[in-house]
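Since chain D is already given, all that's left is putting chain P on it; use the hints.
Here are the chains, one letter per residue:
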Amino acid sequence: MRVLVAMSGGVDSSVAAALLVEHGHDVVGATLKLWGGPSDSGCCSVADVDDARRVAQQLGIEHHVFNLTEEFDRHVVAPYVGEHVRGRTPNPCIECNRSMKFDRLLGRSERLGFDRLATGHHARVTDGGDGMVWSLRRGADADKDQSYVLSMLGQDALSRVLFPVGDMTKDEVRAHARRLGLRTAAKPDSQDVCFIRDAEGRQGFLSRRMELHSAEVVDSAGRPAGSVEAVELVTVGQRRGMGHGSDGTRRYVTHVDVAARRVTVGSAADARCSSVVLAAPSLTWVDRPLHAGARAVAQVSAHGRPVPCTLDDHGVDGDLVVRFDAPQRPVAPGQTVALYDARDPDAVVGAGVAA
Amino acid sequence: MTTAATTTYLDHAATTPLRPEVAAAMAEVHSGPLGNPTGSHPPAQRARRLLEEARDEVAAFLGRDPGDIVFTSGGTESANLAVLGTAEAALRERGDAVVLYSAVEHPAVRESARATAAAGMEVRELPVDDRGMVDPDSLARALSSRAVVVAVMTANNETGVVQPMADVVQAVRRRAPRAVVFTDAVQAAPWLDLAEVTGGADLVSLSAHKVGGPVGTGALAVSPQVALTPRQFGGGQERERRSGTQDVVGAVGLAAALRLVAAERPAAAPRVAALRDRLAEGLLAAIEGAHRTVPAGVAVLPGHLHLCLPGVEREELLVALGAEGVCASGGSSCASGALEPSPVLAAMGVAPGLAAGAVRLTLGYGTTDADVDRALAVVPSVVAALRRTA
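Sequences listed follow chains D and P, in order. Residue 355, in this note's numbering, is where the first sequence stops; the numbers in between run on with no holes. Residue 1390, in this note's numbering, is where the second sequence stops; the numbers in between run on with no holes.
If you're looking for bench data, these hints aren't it; they were derived computationally from the structure. All the pointers check out, no bait thrown in.
Computed Cβ-Cβ distance ranges for the label pairs, DEER-style: (1) P:1215 x D:191: 36 to 44 Å; (2) P:1346 x D:261: 37 to 45 Å; (3) D:192 x P:1291: 42 to 50 Å; (4) D:192 x P:1278: 53 to 61 Å; (5) P:1325 x D:37: 34 to 42 Å; (6) D:175 x P:1215: 34 to 42 Å; (7) P:1028 x D:191: 51 to 59 Å; (8) P:1325 x D:316: 54 to 62 Å; (9) P:1006 x D:167: 39 to 47 Å; (10) D:172 x P:1028: 52 to 60 Å; (11) P:1291 x D:294: 54 to 62 Å.
Here the structure is a predicted model, which is why all the values come from computation and not from measurement. Ideal Cβ placement from N, Cα and C applies to all residues, glycine included.
Chain P extracted, bound-state conformation:
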């Protein structure tokens, strides 16, 4: 198909472009001799210094001690390590374990939790209400002294809905004092002050490519009192929590990206939220029957806009928008690349007919007024064309 001349990228929640400053910081790592951080010669010492400087910055971003930070290959590995590592450690110690996760968790968390069932643990899914938020009452009911890990994401990848983390932590401390709280902060990282929002959690995961860093790098913060069994074995790096030679370049990239986010967020978050609101209002006015999936008054990340467009199929919508250079997303994909029905929307009770026409537009730090203008010009006409021939 003829490719559109301009690209209007509105899929920042899937991945956001590598920031030039981050690329420069990563290139800088290679400007000098770089050894294996575990060695003793000067290039190794340099590698170790760069790694620990990066660790300091990631720790500062999360409001934690540098010793809490484990570098990983990304959000999925961090989630696997958090869920399986804590559940397995608890099972070994207590011989019994219940793993809880919210119904809107990213597949990395959900499938990690479900995988613990094979090891003999009990797995429970926590329902969400029609706003997509974990209901503290249901959580309280589901909690018992048998709970070992409770996974609730900081903000949802599809809808952008921000979870009531403080209430979650409080409920867990009260009803299951020995359980740990893990929060997947991958989506929230560009937009929220994680030191404040996730401060009560025991484990927090990050992914570099959602904040303008490189794909293939992430981190997991693990509070000192948390018992964690490793998922991969070898040289005992990362304080025996994650073996394997550390990716110094990736760690430097993650740290540089977080530094930019921390500096720019106070101005970027309200600016992007205003762009998002203008986009939302324009689309709702121009597309008959369109509505926001998340009800008004719910805290949503500044970059997220999730819409239900009756009378169109999202697979067709995404292809047609792509042909016009507008990049959007329809939710989760399976191994083949086909779109799957969204478990997030199902958990919120969105009718399958409406979910069929669901589309996610996500803005990023680089999104401009011109991007929003272009989307406002393209999306309604594409929807109208699809409906006309339906």
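Bound-form chain D, shown alone:
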């Protein structure tokens, strides 16, 4: 097969490329330049592109750099800022996967005549046996599993992608890179949001792109309980900066009202949540949709603990309610909820965004 492999300059995509070459495929590497601004390591620094290019040379494959900075700004960074303006908590990695890697790059790979697009994600794609239905499964390394950030992919994308390191543990990936003498073998994993530098943080980044507003903090009875500098940066369930209640216990954010510039806090028990509503337009399914009454397993963050749940109708325009079996940490509006098969909890069923 002719395969285009997206190489970030990290060890996973380096080994993904190496495995494809070892399996005899006709492989070409491509690195996306996504972020034009400053970054710590990100996925777009010159050093990372150099790493990807050098690995491609070591593997004897062609390498290209594709400049998608404008599209990244429009489809990932701008919505990231826009969601914060509305007081929501977006996941830019999911948006980047959706609109950059598995839309624009996938389209490009097809136009250039490639049969498949490969990435270094820790996840697995398997065809259902009849070759018709593709399933998306957790990566073999439970700690590094990235199925959550791919949970919005459907059959169209899954039928055209490969995740060559999905069957390996991170240790195995690194060992393979060491065996091949790849310079990325010991490179640390990327962390956090690639376009935000540690030095400026989320607040520093957002303050240059939107207005941040201070807000009052009140308890569940509406009594004043302090203030915050930027209401747009407060997330439901947050503990940091919320102090302690009159009984000395820690307080948690239970509600954020950006328009009213008000943050409500309560006890840990108040902050538990038993359900979350997924807006209908955000719902995506790997294959067939789940309906009210179906059992599933929900994961609400990239490395969150999977929690058993039951789906329910919300009665509004096809919105879906996820009812957790046991109350758990709240899900902030804008967060993606990935749903896994109740009987086969490694298999992604679909995803939606918390309303």
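For chain P alone, coordinates are given in the frame of chain D:
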């Protein structure tokens, strides 16, 4: 990806192959003992002789005195020395300086000019019209007695558009008599008689690898009346304008390449221009919506063909052409190697949607009829395939 069996090289403006005659001349330098040109023993004397013979030839090519020629490491160093060296000297003397450069300058010139802002100088970009040419009226308006250096390239690297140097020089002499004119002649060198075209300028830059010489060698011609502060310090070589042991082999290579160009240009320029025109006509006829970026009637270097191909993305086009063995260029790249939106096309007012599908095909002295035939066979089908799956 499976590499195509044949290579059709149409990226001569990026770099053109080292001529065998030049390689031979450079190898010849090593056939005898070669010392440091600043020494006194016979190998040093030999090195110095070869260096000065090369200088004589470069000077003759540019129609200047040998003493005007400074050997450098290439076009970028020449541009840095020209812009920063003259601006700094003027700032020291006058305490005030305005640096002007055209909006289509090569990054080596543009970024040198912009760097003078950090040293307290005023920097102004001169607009170009939709043909990519500096408008003499805007230039006249921008000029004042405060101007110290005006940088306008002889011909553009992306489009090949030839600038009206005589008009530029005249405007500067009239409105800013104390200013110097620097022209980056790197792209024009294979194609134009620089003694004639750049004769009025005070500083002229060259790069060896654009004329069939080696990468890593260039020259800057500096007229005697120009005050120039050096950019690098040391042993005071090149009449204290550029310290560092001279690259005798590189200088010999540059001189040999220029000698070939001077001898062959009268026949090569019309031959290549005819090939380019055949390529242009063939592609325009075969690719729907294709058009030349530079309007008809504008003077363009014989080797340059710049096209806008609606409905394709240049990054994809270059990869797909490369897979078929056709080497083209999409404009300027950033540090990572990614293509950047072209400031040249933006300055000409080319719509971003059209610029997205811009491609530069540049022919050289070695380009043949067969190369053009091959490009005519490959490019339209590659474009069609990309459009089909778009």
